[in-house]
Amino acid sequence: MEVVLAIAIGALAGSGVWLLLRPRTFQVIIGLTLISYAVNLLIFSIGGLQVGADPVLVGGATDLSRYADPLPQALVLTAIVIGFATTALFLVVLLTSRGLAGNDHVDGEDGTP
Amino acid sequence: MNGALAIAPILIPLIVAAIQVLLGIRFGRLRTSLSFLSCLSLVAVAAMLMMSASAPNGEGTMLVYNLGNWPARFAIVLVVDRLSALMLLLTAVLALAVLPYALGRWQRMGPHFQPLVQLLLVGYNGAFLTGDLFNLFVFFEVLLAASYGLALHGSGARRVGAGLHYIAINLTASMLFLIGVGLIFGVTGTLNMAVLAHLIPGLTGTPRALMHAGAALLGLAFLIKAAVWPVGFWLPRTYSAAIPPVAALFAAMTKLGIYVILRLSLLLFGVDAGAASMHFGSEWLLWLGIITLVVGSIGMLGARELGKLAAYCVLVSSGTLLGAIALHSPAVTAGALAYLVISVLGIAAFFLLAGLVAPREGPEGTTQLEPYDPAIDALFAAEDERRVTSPAPVVILAACFLACGLLLAGLPPLSGFIAKFALLAPMLDHGTGAILLFALTIAAGLCTVIAMARAGIQIFWADADWEFPRVEPGETISVMGLLGICLVLTFVVAAPWNYLAATARQIHAPEHYIHAVMGQATEARP
Amino acid sequence: MMPYGWISTVILLLPFAAALATPLIGRGNRRRTTWLMTGTAGVCLVLSALLFPAIAEGEVLRQTFAWAPALGLDFTLRVDGLAWLFLILICGIGLLVGIYATYYMPREYPLVRFYSLLLGFMGAMLGIVVSGKVIQLVFFWELTSLFSFLLIGYWHYGKSARDAARTALIVTVAGGLCLLAGVLALAHIAGSYDVDAILAAGDRVRQSPLYLPALILILLGAFTKSAQVPFHFWLPQAMSAPTPVSAYLHSATMVKAGVFLLLRFWPVLAGTEAWFWIVGGVGLTTMLVGAWAATFQHDMKAVLAYSTISHLGLITMLTGLGSTLGVVAAIFHTINHATFKASLFMAAGAVDHETGTRDLRRLGGLRHVMPITATLAVIAGAAMAGVPLLNGFLSKEMFFAVALGANHGLALDTLTVLVAVAAAALGVTYSLRLVGGAFFGPLRHDFPREPHEPPRWMRFPIGLLALACLAVGIFPGRVVGPLLHAAAGSVLGPQLPAYDLAIWHGLTMPVLMSVIAFAAGCALYVALRRRIAARDSTPLIDRIHALHAFERVLAFLTTTLPDLHAKIFPGRKLQAQLLLVVLLAGIVGFLAVQPLPVPTAVQGTQIDPAFALLWLLGVACAIGAATQAKFHRMAALILTAGTGLVVCITFVWLSAPDLAVTQLLVEAVTTVLLLLGLRWLPKRIPGRAPLSRIARYRRIRDAVIAIGVGLGLAGLAYAVMLHLVADSASRFFLQQALPGGGGRNVVNVILVDFRALDTLGEITVLAIVALAVFALLWRFRPAVESIGSPRKRDVAAVQGEVHVDRQRAALADQLAIPALLILLVAPVIVLFALHLFLRGHDLPGGGFVAGITVTMALIVLYMAGGARWVETRLKVAPVRWIGAGLLLAIATGLAAVVLGDPFLTSYHGHWSLPVLGHVPFNSALLFDLGVFAVVSGASALMLVVLAHQSLRRVIPAPEMPRGADEAES
Amino acid sequence: MTRWLPHPWFALCLLVAWLLLQQSLAAPTIVLGIVLSLALSWTLGKLDLPRVRVRSVGTLLMLLARVFGDIVRSNIAVAKTIVSPRPRVTSGFVTIPLEMTSPYALALLACIITATPGTIWVSHDSRRRVLVIHVLDLDDEATWIANIKRRYEQPLLQIFR
Amino acid sequence: MTSLSMTASLATAAILAAQFLLLLGMGMAIVRMVRGPRAQDRVLALDALYIDGMLLLLTIGIRTGSILYVEAGLIIALLGFAATAAFAKFLLRGEVIE
Amino acid sequence: MNAFAAVPSWVALVIGVLVFAGALLACIGSAGLLRLTTFYRRVHAPTLGTTLGMYLVLAGTIVFFWAGAGCPALHIILIGVCVSITTPISLMLLAGAALERDRRQGVAGVPAANPSETGADEGETSR
Ligand code: NA
Ligand code: NA
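Protein chains in written order, with my numbering: chain A, 1 to 113; chain B, 114 to 639; chain C, 640 to 1608; chain D, 1609 to 1769; chain E, 1770 to 1867; chain F, 1868 to 1994.
Derived by calculation from the structure, the hints in this document are not laboratory data. Note that beta-carbon positions come from the ideal geometry of N, C-alpha and C, so glycine has one too. Accuracy of the hints is not assured; some may be wrong.
[Said to hold, decoys possible] Pairwise CB distance ranges (calculated): (1) D:R1694 to C:F1229: 48 to 58 Å; (2) B:R618 to C:G678: 44 to 54 Å; (3) B:L150 to C:I664: 33 to 43 Å; (4) B:I590 to C:R1000: 48 to 58 Å; (5) D:K1688 to F:A1872: 35 to 45 Å; (6) C:S1331 to D:S1692: 13 to 23 Å.
Extracted from the complex, chain A is given alone in its bound form:
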């Protein structure tokens, strides 16, 4: 599983980076979204992967190894929320930029259509 997830993280990040370097605002925002998927998965996976673990406490918390690692999850949750917020803002800014500059180039200057 680790190998699969690692490759997945790499592929998401790679696609995201490629888009990040494109000249259109929409490409950039999609790129950032993909990168943030990769980063979220990375943080999520740092505690090790657990299939079929209990996500919530059952009875008294005696055998800790049967539970999924909660801290990375909490971190990812925070990261997802913050990523959502900033993506929304970026979206609005790129729309405003498109409105004010008249095109959707990241530099606001449309050299090549």
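With the hints as your guide, set chains B, C, D, E and F with the ligands onto chain A.
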């Protein structure tokens, strides 16, 4: 209750912002008074924290605040030491000083200016106080989000274009931040900086390599925020596009990047970190700092508008500070802190001033300051003896401009000179790189003089048709307030310097920090 | 015992105090400002004189004030003979210039700024000479540069004044910065900033490896200030300053600061080869060049300026030769030059003032109309030329003696003597030209103004100085002997050589040289008079124009270099910046991983083929999105949503239901938001044209980088996944969640309790972003060309003539049933949100997901009915929710503070209520309620604001709609 | 009553949904559920949701059972069509005149037609009272029209009279 | 005992096969998403993807024996339509919210 | 990791069959997306997964949790109800949008706004 003082710098602006949001746009006066109240109390709280941090019982006096009453090792902890208290006071004073400036036309350029400023302060203060790596990320994001809002305040093609770049780059930086935090947490199992510092010497092999990778990416994220070459090109455009009070508030933002690098590099990669990790990356920091300094100076020389000039001053100060803290010397660090304080105040004043003397609302790249024309006219042209009496506001502006120039160039009689002296004097002991930094810092001073003289001469001396927008009293108060502080710091040197020197000693002995935080582990609830 | 220390303090402070007081006291009153200036200078002069008894005994007066002791910066005043001599010069000439200026400056000038700056300058100059700490010296040194700048630029309406001020500032400040560096190095060697300590460490300094850099840096400071070649160009240009300024700063005092510096550090730095070659060589060159150039000027002030350069070169050379007599001569000539040059400047000013011109070609015969001025000018000019019975003659004699006494090798000594004579001869020539050209010859009648004798008090300073020239020239021993002794003694100490200040030493070699020089000078004047008048430039050296070079350097620095940098690093381009960020991340990430992790034997979890297949799909979606994002935005968006779904399933697979739920909801909201925005983006049609070469290169480059980053991150992720930490903080959370936090969903307990501050920050971010979005779109109107109109209007436009109403009705029908169904689903969504909220502490859910879910309900309602429809029926005040939610979350945390616990401490337990039985309560739930309110408010605000953009359409555009069609064209 | 509880049926449905979600019949859950469903149905009233009147619950249940049967049958039919090596498709639009006007009846019909594989609701003209559906396996248009009117429209007319 | 484990593993295999089938379905939907050709085809494919994904979540729930994942399925059921409806409305009206 | 350890064997078999059959139907539905040639045909395909396919899987799930964990898990029913209400929304909007766009682009074979002119299948846009 003394402990609760540690959370106050975060809570005061947050509560005020929430109330301001709740009040809505109609209660403008009330919102403004609340902002003043907040800033005043922040100054008071920061001063109290500073006093408690410099309490006489040794250099290890630190206030450690366990949020939620959980042990510091596991939950989030706030730490007030000399350095964080200093930064708190600096931003509080900055905010208070900038506030009157924005009261008139500036805050009316869009809704929610006041709450956004308060939230920016939340971000600053949280980042200064927190002792937790991920919480640092969160407060960075608070700061950045507020800064996005403020950078875009007033809208317009220029601000939005610059804001787009600013946001895109900082979002990328935030990703790097997360990856870095993730890797470090992955190999150490903790987010607490003190615990981390405690664990790092014990890391070996792969975990150490991974931790270094995390630290490097984290560092890069901070370098982006500190606008270091080659990842700092966003700064001049963003800062010069923002309205002056916002740019002035941003003056402390790059310093936050520097602050974090200073804190973490000394805490995690200080003398106790073990041979493989000691001074990790400081060579890089030194050279990046030097290049940033050079690039900033070049930019300053070439700046065609006042806002850009001020923005490049920020780059110069960033580069200088980065290089200085990379030297890992308490004496240099103390000087760097002095330089940091003065450059924040001076640059802020300069941004504010730039808004008063320069018609800002032109398309980007408008030449406000003409490039130097080497054509020489007759040496002894007849003296033009027109009667000169400049109106008083212009004289005041000119004097303030001169003061800014002196501060930023590090020339006497203002405290910029002392700060630069304090920074430079101990630098000669630290090898070739340090000597280069020494020389370039001095050269940057000259570049500042050249650039400022060019601008000042053109604005105040040359153009009879230079338009000075009507200056409101609040705007003058802000500028003079900031400059006044710098003036006072020229004469009142002993006590501030002792504080800074002790601060540098304290952060260069990370064991104080580690003990203060980890010693708390037993006291909190199980 | 006189309180000498305090007197020196008063001397230093008084000018600054007066400078600050001038604008307040003298406001517009010329008389009062003049009195303030002259009074201050006079008082300082008297106080300085009071110090003489102590100085004459060789005492060094000091007074120390604590400034920043820990920084090594005490404020120490130190007055010795040299300093005292300069005190007298500065105050005395300051007094005279003050008197002169009030008559010289145009009557309508208030002179507040002028006198204030002049006083400030005087204070700074005094500061230099009485500095007991080297940093203090630099401090005042830079201040003089600053005041000089402001005074040169006093008449800033003229371009020449502005340029001159700027040049002087840059050159002298640059020198000052070099001085700072040099002084720091010097102090570093000596281990102290104290002047006395440094003076005592001479041998250590000269043997240090830092000696040469320190020397060069300090000399750069001195040479720039004293206008030595090649930094001399600022001084002639500075003649654009008002003449009193030229007389004071640029002849008598400021330019002498460099000399003062050379003399001050002579005991420490002199006596080495380097000193000799640099100081002597520069002085020699400057002397000659200055004299030669002075000969060919037409402006009286220019003649004086170049002659000043020449004399400063002379003094510099004297200190550089290394002989002690040279030092004495240098000090002596400093005094003499100050007197005759100041009086000449003032005389030139008087001529300018009376005739309106300073051009020697337009002047002549003024002795007829201004006989007294002419007489005084002749005396001063003769002193400059070195005529016997005047002070200039004596110091010239001494200079010749020093030149003759040099022994650095025959050729060098001969050269020195020859140059000395040549310079003296030229000095005679330009003195003749200056005085003769202005005052002698036939009286001309074409002056811009009608000349008369200037007012008495304007002549008074000139006369006093001319008198001084005479007095020194005739009774040198009595008038200047003690001063010189004290000053030279303070520099040389026991090394003070024997010298004789008599006017006649018999027919010696120096006298012979004087005679030769005098004769040669006169001959040269007669021979060249006509030719000089005819030419506009200086022969031989007019090709080497230092000022031009300086301006070119400036132009290079301010234009060429920045342009070059901007060309290499296109900082304005986002792609370039992001490329650098990504590239640097890759590089530092790669370099930091040392040693590269090797795969260990640790076995991970068994690969589930279904999982692998899932990610095959996920990766396909991601790559698909990457390829489609340019031309098929909607496809890219859909594919991104697909990737998000795969991520969500992964979270479920790996036991993270909270994450799955959050991911799914955020995904949904983001997609809708992006879709709301998609409408405003311009249409893009895939081009048929093949990619240009550069575009192809960029793509390949970016692809390589992307693959590299992907591989790197995959490697890091793999390594860190396999490395399990035994003692992670997570253990504590698992153990404490139930007993300490009162919840079974550990993730949620972490969010609202253990790390609640993170959550508080996170909702703050949301709130800020919502406010920012609101602010940005507050009055924003979309660009005209991006305004398409909704389809219904287009249909109406296209098929306008047929059944417009029916078309509308048909479209309304198409939405009617979905809208009804949505209306039925919406309350269920809200119910579900509350369900998620309430169970959050024990099961997957919580305030955040609940908030987003409520927003989703709102979104579908908006979709079903439109913004207006919803808002007329429901009162949506999302900004209020944000504020209230934030306050609630904070208040929950603060309640703990009130109870004496740290912020955000949580409390939980059970309430027994009558009907309901045991009801669990947890203060964290209140916090979560705040989270809920902020999240729903913030996301609703963003949505509403974006949705309202569509209502802002002003004119329906006649063109075909865009947006969705982009994909198909 | 109608002012405070404009949609009793929906309130009930919401309460049931709440209890299903909570999977609990504890007193606090029920109380909270009642409060919530009342509040939400009140909100629906604010949103101008048309009133619903179910005249014949029995017919409704019969209709649902019939629909379920149809769904199973057409699932198999469509699956066969897709899986067959060369799908023999004779799809087309069918226009059906409708008598009913109740929005709820129309909505339920839309759900039924869309949920049944092989047919999909395409458009409806409320003025001309015609419905356009698309049928995947269209043999005879008239049969389809008759079937739908008989099997679905008649019961719906009874339920929402 | 053996028959129990036999049927159990048979059932497990069936679940596994079901997961593969659902993933296969998702894959085909993704192919349609990429191929288009028209926007509504892509949206339709997304709808199918969501449903298949939801069913996949349920099968994961069965495989891991945890009921908690049903909530995620419920979210897809309740809200998955929002995205597709928004797309569809966009296609229909050129505007998601009017 | 056998999830069926606590379930009677015949129940396990039933669950397996139900879930497999449901997944098969959903898969066939998705295959329809690929195989069918026009949009109006393809739009029928996903309903396999949203109706019987889903019912079967849901039934399997309910049985599994009821038999295995003893918890009724009736809220799974809610999934079915919700999907049955929400799927028509998107499909109706999609079909409507397709029709609208075809009409606007003047594609032959789609029923005109005037319903009497409804055409047959042969003119459908087949891309
Ligand atoms: Na790990
Ligand atoms: Na159907």
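query = Looking back at the hints listed earlier, which ones does the structure fail to meet?
reply = 6
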